[in-house]
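Chains as they are written, first to last, in our numbering: chain A, 1 to 345; chain B, 1 to 323.
Hints listed in this document are in silico derivations from the structure and should not be mistaken for laboratory results. Possibly wrong hints are sitting among the right ones.
Claimed, not checked - Covered stretches of chain B (chain A as the covering partner; in silico rule of three or more C-beta atoms under 8 Å from a C-beta of chain A):
1. 62-76
2. 211-223
Said to hold, decoys possible - Negatives, chain A to chain B, calculated, CB over 10 Å:
3. ASN56
4. THR72
5. GLN87
6. PRO99
7. ARG126
8. VAL211
9. HIS232
10. ASN235
11. ALA272
12. PRO324
Backbone N, C-alpha and C fix where the C-beta goes; we use that ideal spot for every residue, glycine too.
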Amino acid sequence: MTSLLEVNGLKKYFPIGGKGPSGSGFVNWLRGFNQNVQNHQQMLHAVDDINFIISNGESLGLVGESGCGKSTLVAMLSRLTDCTAGQITFAGKDISSIPANKFHLQPERSELQIVFQDPHESLNPRFTAFDTIAEPLRRLKGMAEKTELARKVEMLAEQVGLPSPLLGRFPHQLSGGQKARVNIARAIAVAPKLLILDEPTSALDVSVQAVILKLLVKLKKDLGMSYLFVSHDLNVVRLLCDRVIVMYLGQIIEEGPAEQIFTNPAHPYTKALLAAVPGGKLKTGEVMRLEGDPKSPVDPDPDSCRFYGRCPIGQDICSRTAPPEVVVGTSHSSVCHFLNPPVAV
Amino acid sequence: MVDPIPLLDIQELSVEFRTRSGVVHALENVSMKVHRGEIIGVVGESGSGKSVSAMTAMRILDPAGHVTSGSITLGGLDVLNASEEVMQKTRGHEASMIFQSPRTALNPIRTVGKQIGDVLKRHGNANRQTVHEMVIKALNTVRIPDPERRIHAYPFEMSGGMCQRIMIAMALSCQPELLIADEPTTGLDVTTQAAIMDLIRDLSKERNMATVLITHDLAMAADYCDRIVVMHAGHVVENASTKDLFAAPRHPYTTKLMQATPQGDGALDDIASIPGGLPDLRGDLPPCRFSARCERFEETCNTSLLSLDEVSPGHFLACRRPL
Numbered sequence: 001m002t003s004l005l006e007v008n009g010l011k012k013y014f015p016i017g018g019k020g021p022s023g024s025g026f027v028n029w030l031r032g033f034n035q036n037v038q039n040h041q042q043m044l045h046a047v048d049d050i051n052f053i054i055s056n057g058e059s060l061g062l063v064g065e066s067g068c069g070k071s072t073l074v075a076m077l078s079r080l081t082d083c084t085a086g087q088i089t090f091a092g093k094d095i096s097s098i099p100a101n102k103f104h105l106q107p108e109r110s111e112l113q114i115v116f117q118d119p120h121e122s123l124n125p126r127f128t129a130f131d132t133i134a135e136p137l138r139r140l141k142g143m144a145e146k147t148e149l150a151r152k153v154e155m156l157a158e159q160v161g162l163p164s165p166l167l168g169r170f171p172h173q174l175s176g177g178q179k180a181r182v183n184i185a186r187a188i189a190v191a192p193k194l195l196i197l198d199e200p201t202s203a204l205d206v207s208v209q210a211v212i213l214k215l216l217v218k219l220k221k222d223l224g225m226s227y228l229f230v231s232h233d234l235n236v237v238r239l240l241c242d243r244v245i246v247m248y249l250g251q252i253i254e255e256g257p258a259e260q261i262f263t264n265p266a267h268p269y270t271k272a273l274l275a276a277v278p279g280g281k282l283k284t285g286e287v288m289r290l291e292g293d294p295k296s297p298v299d300p301d302p303d304s305c306r307f308y309g310r311c312p313i314g315q316d317i318c319s320r321t322a323p324p325e326v327v328v329g330t331s332h333s334s335v336c337h338f339l340n341p342p343v344a345v
Numbered sequence: 001m002v003d004p005i006p007l008l009d010i011q012e013l014s015v016e017f018r019t020r021s022g023v024v025h026a027l028e029n030v031s032m033k034v035h036r037g038e039i040i041g042v043v044g045e046s047g048s049g050k051s052v053s054a055m056t057a058m059r060i061l062d063p064a065g066h067v068t069s070g071s072i073t074l075g076g077l078d079v080l081n082a083s084e085e086v087m088q089k090t091r092g093h094e095a096s097m098i099f100q101s102p103r104t105a106l107n108p109i110r111t112v113g114k115q116i117g118d119v120l121k122r123h124g125n126a127n128r129q130t131v132h133e134m135v136i137k138a139l140n141t142v143r144i145p146d147p148e149r150r151i152h153a154y155p156f157e158m159s160g161g162m163c164q165r166i167m168i169a170m171a172l173s174c175q176p177e178l179l180i181a182d183e184p185t186t187g188l189d190v191t192t193q194a195a196i197m198d199l200i201r202d203l204s205k206e207r208n209m210a211t212v213l214i215t216h217d218l219a220m221a222a223d224y225c226d227r228i229v230v231m232h233a234g235h236v237v238e239n240a241s242t243k244d245l246f247a248a249p250r251h252p253y254t255t256k257l258m259q260a261t262p263q264g265d266g267a268l269d270d271i272a273s274i275p276g277g278l279p280d281l282r283g284d285l286p287p288c289r290f291s292a293r294c295e296r297f298e299e300t301c302n303t304s305l306l307s308l309d310e311v312s313p314g315h316f317l318a319c320r321r322p323l
């Protein structure tokens, strides 16, 4: 398998504090002049040094708590925001150097599509389902001929299982599951190579969720796409993904094949995450519970484990040295001080 | 162990909403009992009437909703015929509720300490001297670290899980006998969800409270509830102890719901999807509202009115052709 998307040392920092007069260069200069205060811009490390690869035809799961940087990462990968540092190589081309506001002019725009989190909020309320699905075809593929467009949209609607009489409806006239289908049809309209799914089912009932998940698996088989599946529902990730990445506070703390991660998690955070999944079947032995909230992502200490303080097995060393990356199994690695690499790999 | 007289007793409750486009029959002959020290889970898809039942029990239903028949008894009080004055005393004191989204349910421009203090002053005999101490105590019960500092925080300064703890602290500050938690963890992370649910369970066992947990997550209900009530389109279709329900579900809808929930191991093909959606609750409905989606449907299903019958001890079912 060749790699489709390669991410190297990707970072996104947000400066803290407004852009008002108090933050302007002149004021800072004056301030420094008068008070001799060291001026230090605080930085929120939303995504900090992320490396991973998505191969052709693979589905990769991305899990983590809210606030761990999943959505920022997704926005950068789909080139909706610029990154602070690092490289995104998509199908052999470095797309991270293209500014986000110019990316729609690139041919890669139609090869990298995204299905947004909330099916209700991410549709234009004044567009009918037909317009919504036709929009990327018009804009990115330059399809203007009416009958051709109609034929293509109907074909897409059939692919996602949306009855064609519903195409004339507006979002408020559609149910949640139907809106999810419109969203998916819009994303696959331009035949992308990589589809990023940002919690596609979290707003849906279980009965609808099952239908949408099956649809996604079928589409992947039919169209040969790769998926990046972002979710905090671990059971869903397990069903759909080949490989899983676990993020904590902007960093990848564990990466490996889905079955490995779910049956044999290495990092204490992954273990706690799995223990928290309701249903009881995953619980083995003692139940781990995390107390408290993650540390602040503002200027984190580079010489400490970010999970330290919440970690049930945390020790003194965790606050002094950043944990190393340890290979714990076949293409399964994790970042922690207390891991033993397998005897022979 | 279980008190023979239930704390909350809902009998044959029917609620309808009169709207411009017709009368919506939101609830029909809904019955459930909640005993002290018991956690009851109410599960079903969105729109099945879970929240309407809870709101009717607290009598905070939207003015468009009308109770057409049935009765609700809360610790000897006839809820539907009580005066508003009595209800105001009851809410917060004997029964309290945790709402779905903690961020919108809290007042954004008052500190959390003040908001908990309000409840205590209104219902819990706190005065200006004692209120601070009582708020600290309330924050301690929900395991908020550093309550002395947090008491001055605004909701936006706290994470979603923290806000939900504040809601729980408010609900529990006056030692209610009944706690209704309406989707208390929707929108929270799994780790936070587990912490919040553990807290609700521990507190309700500790205080011998009756707890109603409204959720659409069957797996979560299985973990935390003693008894589960399955609702579909305004009907209670099955009501059984968690053990019985998961060992041998009888209603086709319950089985479908279980199969639709991802279980961790197993393949995608094992997951069933429930065909169709909830029926339109306006106008005339067949006696079994699941009949249009049911695989086991036969003509006999809709011949006469269905009732919730006890098929085995403690296991109630409304189905003509059970599994």
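Do the hints match the structure? See the list:
1. Under the rule that three or more residues need a Cβ within less than 8 Å of chain A, the assignment of the segment 62-76 of chain B is violated, with 0 such residues.
2. For the segment 211-223 of chain B, the proposed coverage by chain A is satisfied: 7 residues have a C-beta within less than 8 Å of a C-beta in that chain, meeting the threshold of three.
3. No beta-carbon of chain B is positioned within 10 Å of the beta-carbon of ASN56 (chain A); the least distance is around 21 Å.
4. Every beta carbon of chain B lies more than 10 Å from that of THR72 (chain A), the smallest distance being close to 16 Å; the non-interface claim holds.
5. Residue-level check passed: GLN87 (chain A) sits 30 Å from the nearest beta carbon of chain B, beyond 10 Å.
6. For PRO99 (chain A), the shortest C-beta to C-beta distance to chain B comes to about 32 Å, beyond the 10 Å cut-off, and the non-interface label holds.
7. With a cut of 10 Å on Cβ distances, ARG126 (chain A) stays outside the contact zone with chain B, its closest approach being about 23 Å.
8. Residue placement check: VAL211 (chain A) does not keep its beta carbon more than 10 Å from all beta carbons of chain B (closest about 4 Å).
9. Non-interface call for HIS232 (chain A) relative to chain B: violated, since the shortest CB-CB distance, roughly 6 Å, does not exceed 10 Å.
10. Its beta-carbon lying about 4 Å from the closest one in chain B, ASN235 (chain A) breaks the requirement of being farther than 10 Å from that chain.
11. Residue-level check failed: ALA272 (chain A) sits 6 Å from the nearest beta carbon of chain B, not beyond 10 Å.
12. Look at PRO324 (chain A): its CB is around 25 Å from the nearest CB on chain B, clear of 10 Å, so calling it non-interface holds up.
Checked against the numbered hints above, the structure breaks hints 1, 8, 9, 10, 11 and satisfies the rest.
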